[in-house]
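Please construct the entire structure, taking both the sequences and the accompanying hints into account.
Sequence lines, in order, name chains Z and L. For the first sequence, position 198 (counting from the first letter as 1) is numbered 198 according to our numbering, and the numbering increases by one without interruption. One rule links them: number in our numbering = place in the second sequence (from 1) + 1000.
By construction, these hints were calculated from the structure, which means they are not laboratory data. Careful: at least some of the hints might be erroneous.
Claimed, not checked - Just the calculated beta-carbon pair ranges, DEER-fashion:
{"id": "1", "chain 1": "Z", "residue 1": "129", "chain 2": "L", "residue 2": "1063", "range": "51 to 61 angstroms"}
{"id": "2", "chain 1": "Z", "residue 1": "116", "chain 2": "L", "residue 2": "1056", "range": "50 to 60 angstroms"}
{"id": "3", "chain 1": "L", "residue 1": "1110", "chain 2": "Z", "residue 2": "78", "range": "50 to 60 angstroms"}
{"id": "4", "chain 1": "L", "residue 1": "1057", "chain 2": "Z", "residue 2": "261", "range": "54 to 64 angstroms"}
{"id": "5", "chain 1": "L", "residue 1": "1063", "chain 2": "Z", "residue 2": "44", "range": "20 to 30 angstroms"}
{"id": "6", "chain 1": "Z", "residue 1": "75", "chain 2": "L", "residue 2": "1111", "range": "29 to 39 angstroms"}
{"id": "7", "chain 1": "Z", "residue 1": "159", "chain 2": "L", "residue 2": "1063", "range": "16 to 26 angstroms"}
Beta carbons: idealized from backbone N, C-alpha and C, even for Gly.
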Amino acid sequence: MKRRIARKTVQLSSIGLLFLVPFLNRKGITVITGTLYSLAVGPVWLTDPVIGVQTVLTTRRFDPTLLLSLLLPVALAFVLGRVFCSWVCPQNTLSELFDVVADRTGIRRLFTLPFTPVLRYAVLILVLLASLLLRFPVVSLLSAPGIISVQAANLVYEDSVGLELGLIALIVLLEVFVVRRAWCNHLCPVGSFLGLLRTAKTMKVSFSESPARSCVSCGVCADACGLGLDPMAGKVYSFCHNCGNCIAACEGVKNKENPLSFHFSGR
Amino acid sequence: MRDRLLRPPGALPEREFLATCIRCGKCKQSCLYGAIRMAGLLDGLEIMGTPVIRPRTVPCYLCMKCPPACPSGALKRTLTKKEEVRMGTAIIDKNTCLTWQGTLCRSCFDDCPIFDEAIKMDDKLQPVVVKDKCVGCGVCENVCPVEPAAIVAQPGGKA
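Here is the structure:
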């Protein structure tokens, strides 16, 4: 439960910072600058890993400063998984919000897609290939967190936002009416790439039963998953962004030890 | 009308710039004067999200904060001297310039950041642009009292 409150707090603070950072920048305070494409926190530079790869492909050059700025985000993904998506990304926060709205209003989506990573990696390969061949930053134009943060800055600087937000509106409409969480689960190149940055030791939700921690198959974990995954079925790693909702939901049901937990090794 | 866009100091040649810029807007956030604006979708998909300077609104005052802020190298981060900037070159329309038409005015000469080098007064006290020294910042275009401006920063990086 504590973790859940912590996550919501970080999600909302991140959105606050999207406005606060440009506001302070405009006043000449530049401790933090940038957007969710690339940030500078003091002397530490952080760039979205897939944007880094895109730029190597479009420029066909290795820029040491750019590559260095990928280091921490890549390391974070290798250790904790796609926590950028679940804790920071404003598109995910927005999608979670509209998911709740859709559930409460009883909207039924037109389609369900099977959880196979084929589609998301096909999209990722396609946009990276397009970047390489066109020598044009296609991924930048499709980065929902990037677009939202740049437009937040535009709003602060110019009291206006760009039509790029149309993509965000399309994503919301798609997820509410067509396929549940379609962008985050199947299309987003930012999340798909972060999902590739994993080893057997990357943090994951593990499901393990023992006499002390038995599962009653009540399904609250699957209900709690904002992405529509089933933690009991396992093997959802490339989709799961380690938000921990399933673990928290299970804690509410049982007074025995929780069969679901975060683990750095094994299944 | 400009045929190309005026980019921030240190920008790579336009084709390379479009390939390298990741559209992150960090240069805009580092600009002390609000001179850098992001191009929108209506400006064209190709340039959407890239930084543009429109000198008649706010020119570049050559504070040199943006080149070192660029994460992708679309702006040359090593550029620190304002004299080495080559965003473009100012061009005077002698048919509308007040001084060239016989009225005394030296707005562009007075406000040029590369003072008495990029814009010089000739022996008849008429302004002339020294192409090798002009950095293309557009301050002259901003202060020109004629509408539309009789001196315009023509984009086109020489470096």
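Cross-check of the supplied hints:
| no. | hint | in the structure |
| --- | --- | --- |
| 1 | 129(Z) with 1063(L): 51 to 61 angstroms | violated (39 angstroms) |
| 2 | 116(Z) with 1056(L): 50 to 60 angstroms | holds (54 angstroms) |
| 3 | 1110(L) with 78(Z): 50 to 60 angstroms | holds (58 angstroms) |
| 4 | 1057(L) with 261(Z): 54 to 64 angstroms | holds (57 angstroms) |
| 5 | 1063(L) with 44(Z): 20 to 30 angstroms | holds (23 angstroms) |
| 6 | 75(Z) with 1111(L): 29 to 39 angstroms | violated (49 angstroms) |
| 7 | 159(Z) with 1063(L): 16 to 26 angstroms | holds (23 angstroms) |
When the structure is compared with the earlier hints, violations turn up for hints 1, 6 and for no others.
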